[in-house]
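Taken in order, the sequence shown gives residues 55 to 107; the numbers are from our numbering.
Honestly, the hints are just simulated from the structure, not real lab data. Wrong hints could be hidden among the right ones.
[What the hints assert, rightly or not] The following label-pair restraints were derived from C-beta to C-beta distances:
id, residue 1, residue 2, range
1, C93, E64, 39 to 49 Å
2, L73, K106, 43 to 53 Å
3, D60, Q96, 52 to 62 Å
[Claimed, not checked] Heads up, simulated DSSO-like pairs for lysine-lysine below, C-alpha to C-alpha not over 30 Å straight-line:
id, residue 1, residue 2
4, K89, K79
5, K89, K101
6, K106, K89
We put the CB at the ideal spot given by N, CA and C, even for glycine.
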Amino acid sequence: MKEENDLVHESCTVLEQQLEQSQRKASTHLDTETKLSDCQDQLQTLKSDLTKV
C-alpha cells in the first residue's frame, strides 16, 4: 500500500510540474500574440501615414 501511495504521489508531482510548464508556455504564447497584434496595428498606422505624404 505504501508503494502505491508513493507512486501516486510521484505521479501527482510530475503532473503538477507538467501543468506549470504548460501554463508558462501558454502565457508566453499569449504575450507573443499580443506583441504581434500590436506590431500589426503599428504597421497599419505607419502605412496609413505614408499614404498621406
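Each hint, compared with the structure:
no. : hint                     : verdict
1   : C93 <-> E64: 39 to 49 Å  : 44 Å, holds
2   : L73 <-> K106: 43 to 53 Å : 50 Å, holds
3   : D60 <-> Q96: 52 to 62 Å  : 54 Å, holds
4   : K89 <-> K79              : 15 Å, holds
5   : K89 <-> K101             : 18 Å, holds
6   : K106 <-> K89             : 26 Å, holds
The structure shown violates none of the earlier numbered hints.
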